[in-house]
Structure formats: structure tokens, C-alpha cells
Amino acid sequence: MAVDTALLAEAALRGPSARKAWRRSPSLLAGGTVLLTLVVVGVLAPVLLSGPAGTLTGDANLRPGGAHWLGTDPFGRDALARALVATRLTLLMAAGATALSFVAGVAVGAGALLAPPRVRQVLLRVVDAAVAFPSLVLALVIAAVLGAGAGSAVVAIGLAGVPGFARLTYNLTQGVATRDFVTTAHLLGVPGPRVLARHVLPNVSGPLLVLLTSSFALSLLEISGLSFVGLGVQSPQYDWGRLLNEALPSIYTSPWLVLAPSLMLVLAGAGAMLAGDGLARLVDPRQAHGAPAGTRSTRRAAAAVTDVADGADGAGAGSDDAVLVVDGLVVEAAGRRLVDDVSFRVRPGEVVGLVGESGSGKSTIAMAVAGLLADGLVADARELRLRDMDLLGRPPARRLATEIGIVFQDPSATFNPALRLGSQLTEVLRVHLRRSRTASRDAVVAALTEIKVTEPRRRLRQHPHELSGGMLQRASIAAALSTEPALLVADEPTTALDVTVQAEVLRQLRRLQREHGTAVLFISHDIGVVGALCDTVLVLRDGRVVDRTTGAALRAGAADHPWTAALLAARPGARHEEATP
Amino acid sequence: MTATTAGEAPAPTAGGHARARGRSVLDLPWVRFAVRRAGGLALALALLVTVTFLIVPLIPGDPARAIAGSTASPQAVATIRADLGLDRPLPQRFAEYVAGLARGDLGTSFRYRVPVSDVVTARLPYTVQLAVPAIALVLVLAIPLGMAVGVLTRGGRRRRLDVAFGALAGTVAAVPPYVMGTLLVVVFAIGLKLFPPGGAQTQASLVLPILALAVGPACAVARVVRAETSSVLEQEFLRTARGRRLPAGRLYLRHALPNLLTSVLTLTGLVLTSLLGGTVVIENVFSYPGLGTGIVQAIVSKDYPVIQGIILCVGTLALVVNLLVDVVLGIVDPRTLTGGHHGG
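Just so you know, the protein sequences line up as chains F and G, in that order. Residue numbering for the first sequence follows the working numbering, beginning at 376 and increasing consecutively. Residue numbering for the second sequence follows the working numbering, beginning at 507 and increasing consecutively.
Bear in mind the hints are in silico, worked out from the structure with no lab data behind them. Any given hint could turn out to be false.
As the list claims (entries may be wrong) - Ranges of calculated distance between the beta carbons of each label pair, as one might list FRET restraints:
hint, chain 1, residue 1, chain 2, residue 2, range
1, G, V638, F, D750, 35 to 43 Å
2, F, R885, G, V669, 49 to 57 Å
3, F, G426, G, V806, 31 to 39 Å
4, G, R663, F, R923, 32 to 40 Å
5, G, G661, F, V415, 37 to 45 Å
6, F, T628, G, L674, 28 to 36 Å
7, F, E732, G, V638, 55 to 63 Å
8, F, V415, G, A584, 49 to 57 Å
9, G, V634, F, L419, 41 to 49 Å
To be verified - One side of the interface only, derived from the structure: several residues of chain F facing chain G at Cβ under 7 Å:
hint, residue
10, L437
11, P630
12, A772
On a predicted model such as this, the values are computed, not experimentally measured, just so you know. The beta-carbon is built from N, C-alpha and C at its ideal position, and this holds for glycine as well.
With these hints in hand, go ahead and build the complete structure from the sequences.
Here's what the structure looks like:
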């Protein structure tokens, strides 16, 4: 039942969700149906069933059976009828408490927004402090002041819910209040409370509705809890909690009496929970559309198709010294072909570049080679081989980890934020090469020193967020090279970095590549970078290789193929857009 | 608490001093954490003390008459008025109340004629005996279960398991502890006679109350863990870890789990403190001699000093749980120490 206000606020600010989702939310439908049924029962049961629920008869303590589905109590009253009749009082009390929480909470939250900064700070601090306590503790304080009774239980639970609504309202409205249309309204001289009512509150209604639903469920269960311990509804009135309370003394002789009120409480709780879940899904667009169903197409069928088209010259026969052989690579996702019949080789010490726009399939090729395709993507090829290792089979983890070094695009996202750099950078050495902790640390420190990371020993004790992007990316390269891999796969290694940092990282990469003689598969959307760094260059478009050229030719500005020429021509303009690939 | 403070500026004094003096002790993350949390803790305690003090003055009508009951003699009412100091002005009474608390003096129970601190210290261990194992059980059940389902259903695999788990865990999570407790008593104490139905005499009598407290919250937390697992598994750093071809155990436990814990603890801190509220109610199912039965009896018999004492005690426990959650968060993910955004 934990409704995280910060998350809800964030969800609301991401914008309105699709209206169609209404129909696609079965949990909202189910929960709504349950709640609606309960409301109907609450209206009708006291009218229709007051006889069996209230009349004292001689049929005391009957087991559940024909005439009395859930048995009778010690006074001969029907247990089910009493539970159904109690629905009205239970729902009314829960509704009352929720309304109190909502009105007072929204008022406090909105008040904090409109109040002068100093008052606002005090209010927010107090609300935060109050949220830290379980709501039942606050409810007990109020029950202590007002004494036991139905009214005081409603007020107690209602007031206990105020801090939650206040905090959510404030978080939500504060986010909206700084948006343009609100500022505009202010500038037009619309008074504060009016801005709030007309422009702000309608925009935050989604998450508030979710909290309202879960708050209703919580109020219902907590008021029943108070009645259950004897602090809520008093005899002769009864709600579900009171019925459960009255069933306890005779629990040995007639245990079935707990069934009816328990059933109703669970039903109401589950109904409100389902409805709240459904609403939250509507409000939060992240959850609105389900995860894509990963259809696993048959690999062999895809391979049969690729046999037809093979005109590429790069995969020429005879050169068996190649580190990496890619022949007829196809990658498909749910029937859509992302990479279509791509063939190339990487020889020892060679830097092969894949260049193309985003969506051209270049990163997909890199991940297919590395065996790290996302869920739902399926790769196949006539041949996919690293030295003597068939990458299409199930190569041993140890060889994959040590023979392929990988550098990913965004260093701020590729490091685990919760772990120190030392444990991440030395992991392959420790896990796969079984080196000791000290030996692998020394090796990584040496590698970091080589790539000119300052204070390498201290870096190992730091967390990723304490380093700059450039430093992190150098550390990635150092770690990737620390196992002396046969192939380094560098997937847009500098795209997320500042232009000045980019040049330095590329320079270090090139230097180390030359010194170690490592073969590199280098992926970039920047034809200038590829030209400067690579020996051989493949130009990709829509998952196909459209041109094969050399770094030297690109540096000279020579392009035979019109698409390569277009990329070269677009380069000066593209320079400005590098931050947003 | 942790989630709601996100997005605010850190305590201005701490930041200012640290910057003025360059690298000082205030730059250390744990010191900054302590400074920041101490303020919040002090305010929460002040709120707790004020609210418990206000219970008596806020009683509608004449508190002394309300406490003594409508049939009491004028002398009895006068005695109670003098006992509670209701004839003295409010600020003075507040000062005396705070001074008493500082000495560890919580007053004297009307009903038992013994110091309230004795009543509280006699009952507190029983409540802790329920709450601590229950909190531990919630985490021990929820994290492996939620992670296992999250891993099994990653990337849209096993839709049916996903739906079944969501429905089942959601329903169980909606069962309040007192209903769970009552049903457990009917099935396991009365039906199968496996455990005693109440009391606190034996270790076995703790089993049902702890289960009743933990099962619902465990399901609620497991749903959160499952959702967080799916989102962590899609993070890029997990692809990096997969690129290191780690064994499944290491991949999920060393790389996914710490990141999960951060958001799960942030989201479930409130669930864990509300479990303390559940303890108050559940003790009444099992006629268990803890703070929960104590406060209900005290409210019924209008024993205000005991009410105040128990509220102070349960409130402080809630603050301790909150603080522990934040400390664990700080150990798991040091970024949370400096009061920045987390979990969102």
C-alpha cells in the first residue's frame, strides 16, 4: 500500500496518458466492479436484510449450511446478513475519513505552495516529520483525545492521512507551478488561488486519484482495525471490524463467525488495490504499454534466406589469419530485419570502422558480435567466428570475457552506480582469470596509468559518480584491454563526451591499440572520427553495407559512393549535433 | 521519509561551512548525512513530544471531568486536576512535561499507580520481539521472491507467471494483519493445533503473530522488488556486467541486488514503519502483553500518562526504523548520503 509520492509526482509531470488505456486496464475494471458491487450491497443490504441480521432467534451458533451460508452467531443472527448489512457503515466511515484526508491534505499542500517561503519551509518540515510515523500511531493519539467511538475513529484515521495528501499535493503542484502556462497566468495577473484551481489542480488530478483510491482502502482497513480492537464502532452498531471483534470470544466454539467479516475486508481491500493499480498504470505512461513480446524466430529459416544474397567482396576466401570473421550476418526483431546480410573481417592489429546514421544497424552488429543483443533480437549468420571460436554456438564464458573487450557508449550509464570502480574494473581478471585481488588491482592500476588516468589507486576506491565522463571512459578502455583481448569492440565510445574530451580519449585509444596490436571494431555515427581512426571503413544504411572504403580515402575526402559522399558533406553541420546522437 | 525529502536543498549551514573552509570534516559523506538527518530527527521528536503533550489539553470539555467519569465526586475530579496540573497555565505544564521526559520521568499510571516508565519497559521487549523478526521476515521473503519473479519474467518472458504473481501477491498484500492473524489462529491454532492461539509464554506462541504481521507486507514489498528488478535488468550497466560473462549468481546478486535495494528500501521504508502500527492491532488478536494491548487498554480506561508513554515509545521506534533504513541505504549506495535524488 506504499504510494510513493515522489514517483507519482514524477509520473504526473511526464504528461497525460493515452485515453485508450482505459479499455486495456483489466485490473481497473475488476477493482471497479468489486467496489461498485460493494456500494450496491451497502445501499440495499440494510433495507433487505435487516431482519435476519438483527432478529434474535433460537438458531444460535449454527454451522455454515443450507439456511445460513456462513452460520449464525450466539444470538441466532445470520452471519452473512450481518456482514452485508455492515457494508454501509464501513463504506461510509471509510469515505468520510478519506474525504477528510483529501480536503485537509490538499488544503495544506496547496497552502504551503501559496505561503511565503519561510512558512512553507516550516510547513513542509512538519509534514515530512509527520509522514515518518505510522498513520495508526497518529490515529491512536486522536482516539485517545476523543475517546472510543465511530465518529472519533473516522476523524482519527482521516487526520492521520493528511500528511500524505499534503506532501503529494505539494510535490505535484510545485512541479506544475514552475511550468510555462502557470507563469503566463501569473503574468496576466490571475490571482494565486485561482491559478491553483483553474490551471494547477486539473493537471495533477491523476496521481491524486491514485492516492485517493489507495487511501480509501487504507482508511477502510484501519478504521475496521480500530473497531476490531474496540476503539471504533461500539455496540449495538456494527461494522466489519466490530463483527470480527465479536467473533473472537467464541472463536473456539464457532470459528466460522470470522469468515464473513474477513471475507468482506479482503474483498474490499483487494478491490481497492486492483482499482488503484489500474489507475496508477493509466497515470504512469511507463507502465501503460506492456513489454514487447520477444518472438523468437527460427534461426535456420533466417539463414536460408540470407544464402541468396551474397555479393559482398570483404569476406574474400583464403585469409584465415582474420581475428573476426562476420559472414552473412542477419539480425531480426519480431520479423523486422535490423541487419541484413553484413559480411566483413577484422585482421590482427586492424581497426575496422562501422559508420552510419542512428538506426543503420551499426550498434546492433557490434552487439551481435559481442553476444549481447537485447531481448527479442535474434542473430544468425553463415559464419560468425572469433579466431577459432564459433560465436553462433555456446562459446565458453571465460573465453568470451577475456578475448572480447567491450567499451560502451555512455560511461555514466555503463558503470554500476552502487559498486566501487575497483571491483568493477578488476572483475574479469578475478572471476575468469582467477587472479588474486592484489594482482588484479595492480594490473588495472598499471592499465589506468598507461591511459593517463590520474591517481589510479584512489580511483579504484571511488564510486563512478565521483569521476568525470572522460575519466570513466578511459577506465573502461583500460579495463577492456587489461585481459589482452583479441578484439576490442568500441560502440560509440566518445559520443557521450564533450568534444575536447573526445579527442583526447580517441588519441589514447589509438595509441594503446598500436602498442598492444589489438584488433578493433569501432562504431560511430561520426564519419570524421571513423576516418581519422580506422584502417577499413564500412558505410551502413538501413542494416546493409552500402560502401566499403578506407580511413585514408575518407581523410582525403574521397568518396566513390554517393551515400558516403553525402555523409562526408553533412559532416560540418553534424558537428553541432554530437551531443544528441 | 527518505523519498519525500528528495529534491530539497541540503542543510544550508553544512554546505556553506564546508565550502568556506575548503576540505573540512563536513565534506565527509557520513558527517554530512549525520548533520542532515539530525535536524529532521530532532524535529520529528519535537513533534512527537508536542503531540503527546497535547492529548490531555485537547480533550473536549473539562479533561479532569472526562477522565474521572460522570459519576465521580467533585473531590475526585479536583484530585485528578491537581495530579495532571490542569490548574497551572499551559506553557508551564509543557515545560514541566519536557523536563520530566528529559529525566526519564513519564508520570504515574492512573490505573496501576506505578511509574509509566515501568509499564513501558515491561511491555516494550514483547513488542520488539514481534516487530524485529517480522521486519526481517518481510525482507527475507520479499527480496528473493520478487527478484526471482523479476528475473524469470525479464523482457516479457513467462507472461502467465507474471500475471499470476501480480494477482496473488496483490490480493495477499491487501489482507490486513488482524484478518490474517485471525485466519491463522482459526487454521493453525484451532484447526491443526500446531501453535498456541495467543499469549507469549513460549517461542512457539510468537510464530503466528510474526507471520500475521509479515505475510501481507512481504507480498507488497515483493511486488515492488519484482518491478524494480525488471527496470534494473534493463539498465546499461547490467549489459556491461553481462559483457563480463559473469555467472548468473554473481550477475544478479552482486550487480543487480545493490541497485535494487536502494529503490526498494526507499519505497518500502513506509511499509516497514506501518508494520509497527500493525503490531499494535495484532497484539490484540493474540492477547499478547506488548505495547499494543497496553495502549488499547489505556485508551479504554483513560489512563493518559500510559497513553503518552506508549505513543512516545512507538513513535521513537518508528524513527529508529526510518533511520536504520537510511543508514542501510547509505551503505548500499553512498550517493544517498549527501541528500541528492535517489530512487526516483
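Here is how each hint holds up against the structure:
For V638(G) paired with D750(F), a C-beta distance near 40 Å keeps the hint of 35 to 43 Å intact. A hinted range of 49 to 57 Å for the beta carbons of R885(F) and V669(G) is consistent with their spacing of about 52 Å. The given range of 31 to 39 Å is respected by G426(F) and V806(G), whose C-beta atoms sit roughly 33 Å from each other. Between R663(G) and R923(F) the Cβ separation comes to about 39 Å, which falls inside the hinted range of 32 to 40 Å.
The hint said 37 to 45 Å for the Cβ distance between G661(G) and V415(F), and at roughly 42 Å that hint holds. In this structure, T628(F) and L674(G) meet the distance hint of 28 to 36 Å, their C-beta atoms being roughly 33 Å apart. Between E732(F) and V638(G) the beta carbon distance is about 58 Å. The supplied range of 55 to 63 Å therefore holds. For the pair V415(F) and A584(G), the beta carbons lie near 55 Å from each other, so the given range of 49 to 57 Å is met.
For the pair V634(G) and L419(F), the beta carbons lie near 47 Å from each other, so the given range of 41 to 49 Å is met. Look at L437(F): its Cβ only gets to about 17 Å from chain G, farther than 7 Å, so that hint breaks. The beta carbon of P630(F) comes within 5 Å of a beta carbon in chain G, closer than 7 Å, and the hint placing it at the interface holds. With its C-beta approaching chain G no nearer than about 4 Å, A772(F) sits inside the 7 Å limit, and its interface hint holds.
In this structure, the one hint that does not hold is number 10.
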